[in-house]
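Chains B and R, in that order, give the protein sequences.
Heads up: the first sequence is residues 1 to 255, going by the UniProt record's numbering.
Heads up: the second sequence is residues 1 to 320, going by the UniProt record's numbering.
What the hints contain is simulated information worked out from the structure, not anything from laboratory work.
Model, not experiment: these values are computed from the prediction.
Glycine included, C-beta positions come from ideal geometry on N, C-alpha and C.
Treat each hint with caution, since some may be false.
Said to hold, decoys possible - Selected chain R positions facing chain B (in silico; Cβ < 7 Å):
(1) Gly64
(2) Glu68
(3) Thr290
As the list claims (entries may be wrong) - To give a feel for the contact side, a few chain R residues facing chain B, derived at Cβ under 8 Å:
(4) Ile45
(5) Asn71
(6) Arg297
(7) Gln301
(8) Gly303
(9) Asp306
Unchecked claim - What follows is a list of derived Cβ distance ranges for each label pair:
(10) B/Gly230 x R/Leu32: 44 to 52 Å
(11) R/Asp256 x B/Gly25: 52 to 60 Å
(12) B/Leu46 x R/Gln255: 41 to 49 Å
(13) R/Arg257 x B/Gly25: 30 to 38 Å
(14) B/Ala104 x R/Gly303: 39 to 47 Å
(15) R/Asp256 x B/Gly230: 25 to 33 Å
(16) R/Lys300 x B/Thr26: 31 to 39 Å
(17) R/Arg188 x B/Pro168: 57 to 65 Å
(18) R/Thr252 x B/Pro107: 37 to 45 Å
(19) B/Ile94 x R/Arg257: 41 to 49 Å
(20) B/Gln30 x R/Pro262: 30 to 38 Å
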Amino acid sequence: MTKTLRGLLGLLVFLVAWELFSWSGTVPQQYFPPPSTVFQRLFELLGDQAFLLDVIASVLAWAISLGIAIALAVPAGLLLGSVRSIRTATRAIIEFLRPIPSVALIPLAIVLVGAGPETKISLAVYAAVWPILFNTIYALDEIDPVMVDTARSFGLGRGRVMFTVALPNAAPFVLTGVRMSAAVALILVVSTEFLAGGSSGLGSFVLDASSGAGRMDLVLAGTLVAGVIGYLINEALELLHRRGLRWSTVDREAA
Amino acid sequence: MAGGAVTAGALLGTSGCGLLGGSQGDSGGNELVEKQNLRVGALPINDLAPLHLAVKNGYFEEVGLKVEIVNASDGSAALASTIGGDYDITYSSYVPFFAAQASGTAQLRIVADCASAAPNTTVIMTSSKTDVRQPQDLAGKKIAISGPNTITELLVKATLDAHGVDYSETELTPVPFINMPAALDQGRVDAAIVTEPFLTMAARNGAIPVVDTATGPLEDLPLTGYGATAKFCEENPKTVAAFQKAMDRAVTEAQDRSKIEPLLPEFAKIDKETAAIITLLKFNSRADATRLQRVPRLMKQYGFIDADINVEEMIVAPKA
């Protein structure tokens, strides 16, 4: 059996179990609609312009967040990974900030930056920075010292060593960090929309559907879309990893 | 790669601002109003139908306004965002408005009235499995309200009082509206104060009405309105007047149910079948001090606030 076929079979078993559970009457269908209803709603929603704008708003916020997180975390990781004194100096503050759940910062973020797209982007950036940062620092620790010494002995300066040896070596680790952060950023964008409301976004769509009229069919359809987006993002990054970084074995180690 | 991401982020940032759902950034005015882009806090519930009607029919544009409706997770969150200056005007039930004013949290003004209690819109319901049939049976029972210090708590207490039931003996438990029909069905509460569209849904599940709170002392009680900070109203008198004018027009039109019904599935996500049968609240636009004064009076009576509130001073009277 091929890999795709197995994946589809797993999905099918899951959907059948869900359908049967919904029809079993344990929970009224109004509160837990079967996939047949949810997929019908989903199909209708895909033709609904307002819903598509919500999806675009979330995906855009996600892309911007991840972009900013990469732009912040990679240089910071390179700096912290290569200069031991800075790393020691920042260790306490980083270890203090890292475990703070971003959703707990929503009220603070609303006061500081308002309830617009800035809120979800800043919270998603906050959460997405850590995996990339730590993977980058890690990557620099893992570099074979022989390679660095060899480069040095050829007369390469600190900067050249960074770009010709350290960065290519770190790339697979960084990309693994990006993959982890991509999921984290999507979760944060959608949950901020859900918890703080707003004028558009997948999370606010789910909030409206649940708090306005208790439409669980629409809630589940929206959730399903979020899941599919997350899946597609991960597949795309995995493809990038396989194609772009053929030499690396990190994905196998990290997976 | 990082550089590329920054560039991509910047590009998306500039071109995608409208798509992101943020405000257009232009906070200036035009020849008609001081501030043309208004962020109005709202909830995805049917009270807001006239506001959505005004946006959809372009009534705000005609008076020089661009209104962006921002849905908050609940009424007090919307009010907090308004006090914080993130929304310009917000919809809220009157209880948090007067509570904030009485506690001195903020100086608030009422810009427009929104809706008042109509028969069969705020009903205490029970499940057929309980022995609760009339208001007197509610003594000592567990009643679901939407949250502490909300209009629903006020309505339940005042209704019990009116029927000679000692409300201090009942247990009022917060349950989100969406979960009330299920809470009744599963017997987690003996009764619940249910609003539309959950009322129709609960009735469909076999729930039965015990007492309509919009009767007796609470008949036609103003429930919700639009407010802003005193500072915003003083700085933007023409903007507020324009908002009032557009809302006046929308509310007049909203008295015709056929104008409202098609909007409900869009913004409140109520399915068409339910939208056709739910009872709508009574929509108002002009805030009337005498009528509104009843709310803080009840709030003081039931211990929501300590201070007296002069509603007349809080209302921004329409120009014409």
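Cross-check of the supplied hints:
Given hint, R/Gly64 at the interface with chain B, is violated; its Cβ is 20 Å from that chain's nearest Cβ, farther than 7 Å. Nearest Cβ of chain B to the Cβ of R/Glu68: about 6 Å, under the 7 Å cut. The hint holds. Using the Cβ-Cβ criterion of 7 Å, the hint placing R/Thr290 at the interface with chain B is not satisfied: the shortest such distance is roughly 32 Å. Because the closest C-beta pair between R/Ile45 and chain B is about 6 Å apart, less than 8 Å, the hint holds.
The interface hint given for R/Asn71 holds, since its Cβ lies 5 Å from the closest Cβ of chain B, which is under the 8 Å cut-off. Annotation: interface hint on R/Arg297 violated; nearest CB of chain B at approximately 30 Å, more than 8 Å. Given the 8 Å rule on beta carbons, the hint for R/Gln301 is violated: about 30 Å separates it from the nearest Cβ of chain B. A hinted interface residue such as R/Gly303 counts as satisfied when its beta carbon comes closer than 8 Å to some beta carbon of chain B; here the least separation is about 27 Å, so the hint is violated.
About 26 Å separates the beta-carbon of R/Asp306 from the nearest beta-carbon of chain B, more than 8 Å, and the hint is not met. About 45 Å separates the C-beta atoms of B/Gly230 and R/Leu32, a value consistent with the hinted range of 44 to 52 Å. Separation of R/Asp256 from B/Gly25 is about 41 Å and departs from the stated range, judged on CB atoms against 52 to 60 Å. At about 36 Å, the CB distance of B/Leu46 to R/Gln255 disagrees with the hint of 41 to 49 Å.
A beta carbon spacing of about 35 Å between R/Arg257 and B/Gly25 agrees with the range 30 to 38 Å that was offered as a hint. Distance hint for B/Ala104 and R/Gly303: a CB-CB separation of about 32 Å, inconsistent with the stated range 39 to 47 Å. In this structure, R/Asp256 and B/Gly230 break the distance hint of 25 to 33 Å, their C-beta atoms being roughly 44 Å apart. Evaluation of the 31 to 39 Å hint for R/Lys300 and B/Thr26 yields a failure: the beta carbon distance comes to about 47 Å.
A hinted range of 57 to 65 Å for the beta carbons of R/Arg188 and B/Pro168 is consistent with their spacing of about 60 Å. Roughly 39 Å separates the CB atoms of R/Thr252 and B/Pro107, a value that falls within the hinted 37 to 45 Å. Under the hint 41 to 49 Å, the C-beta atoms of B/Ile94 and R/Arg257, about 59 Å apart, miss the expected range. With their beta carbons about 23 Å apart, B/Gln30 and R/Pro262 fall outside the hinted range of 30 to 38 Å.
Consistency note: the structure conflicts with the earlier hints numbered 1, 3, 6, 7, 8, 9, 11, 12, 14, 15, 16, 19, 20.
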